[in-house]
Amino acid sequence: MLIGQKDLCKAAYFQAAPHHCYGRALKCSKEEAMGLLAAVQQWYKRDHAAEQLEWLSWLKSIQARLQGLPSTSFEYVQPEDLSNKCPQLRIHWNANVLRITGTELAARLDAGTPRIVVDEATGGRPDMMASSIIIMPYMMEKGEERIIANAIYEGLTKPGHYEAPVISALPHRSRGYGLSLSSTPAASANRNSRSGKTATILPGYRTVRFMTRSSKERFTLIRSSLVAR
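1499 is the number that my numbering gives to position 23 of the sequence shown; each next residue is one higher, with no gaps.
If you're looking for bench data, these hints aren't it; they were derived computationally from the structure. Note that beta-carbon positions come from the ideal geometry of N, C-alpha and C, so glycine has one too. Do not rely on the hints blindly, as some may be mistaken.
[Unchecked claim] Below, computed lysine-lysine pairings styled on BS3-like, alpha-carbon distance capped at 27 angstroms: (1) 1536 to 1618; (2) 1634 to 1521; (3) 1536 to 1561; (4) 1634 to 1536; (5) 1618 to 1561; (6) 1521 to 1506.
[To be verified] If you anchor each label on the Cβ, the simulated ranges turn out as follows: (7) 1543 to 1521: 32 to 38 angstroms; (8) 1516 to 1486: 25 to 31 angstroms; (9) 1619 to 1487: 44 to 50 angstroms.
Whole structure, please, built from the sequences with the hints as guidance.
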């Protein structure tokens, strides 16, 4: 039973079953409403310029740790809109030199302790060895930049051994030809029923390769990013 001021009771009446007004559809609880209010109030109290400078200093600290490693270069990406308004650091390197690709390093960081998740990892074997990752400091805490810098440094200087996948053409009844990436026995084949293309997806690899036949009977290699797990 709801007892109180008539206009407030009427407003509440329209938000309850069987009516479907804004509150009913959005399921906004009092805790969420107060949390949103606190977030807006905090937003106006924060020193946004100081935050940007602090985040940038963390990225420069990471760059300083990695500076001097062979083939590395650094690019600062500035935000273009209000969403995730934060500078980012893109780290470039040649995997032929450092012996680990961006996707391999991202997987290693993700599996490490503490777990580190980086953005937009690029690079794949055997012929896409220009590699990069992006560091976004928006959700980091002070001091974590040293942990991240050391983990990346460890990955780039002690990469371990990675095998390039063996690629072989697999003809089938459709017009396309699939590529089998068979560097591990646990590889699993996946087929696109609409296109008739086949590719083998390997655990630990984030690249799917499709080979299709063009109108001039030439082959085009198309690569797309894949999250391995």
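Hint check:
1. Taking the CA atoms of residue 1536 and residue 1618, the gap is near 13 angstroms; set against the 27 angstroms cutoff, the hint holds.
2. Taking the CA atoms of residue 1634 and residue 1521, the gap is about 44 angstroms. The hint is violated against a cut of 27 angstroms.
3. The straight-line distance between the Cα atoms of residue 1536 and residue 1561 is roughly 17 angstroms, inside the 27 angstroms bound, and the hint therefore holds.
4. Taking the CA atoms of residue 1634 and residue 1536, the gap is near 22 angstroms; set against the 27 angstroms cutoff, the hint holds.
5. Straight-line distance between C-alpha atoms of residue 1618 and residue 1561 comes to about 18 angstroms, which keeps the hinted pair within the 27 angstroms bound.
6. Taking the CA atoms of residue 1521 and residue 1506, the gap is about 23 angstroms. The hint holds against a cut of 27 angstroms.
7. At roughly 36 angstroms, the beta-carbon separation of residue 1543 and residue 1521 lies within the given 32 to 38 angstroms, and the hint holds.
8. As the Cβ distance of residue 1516 to residue 1486 is approximately 27 angstroms, the hint placing it in 25 to 31 angstroms holds.
9. Taken as a hint, the range 44 to 50 angstroms holds for the pair residue 1619 and residue 1487, whose Cβ atoms sit roughly 48 angstroms apart.
Checked against the numbered hints above, the structure violates only hint 2.
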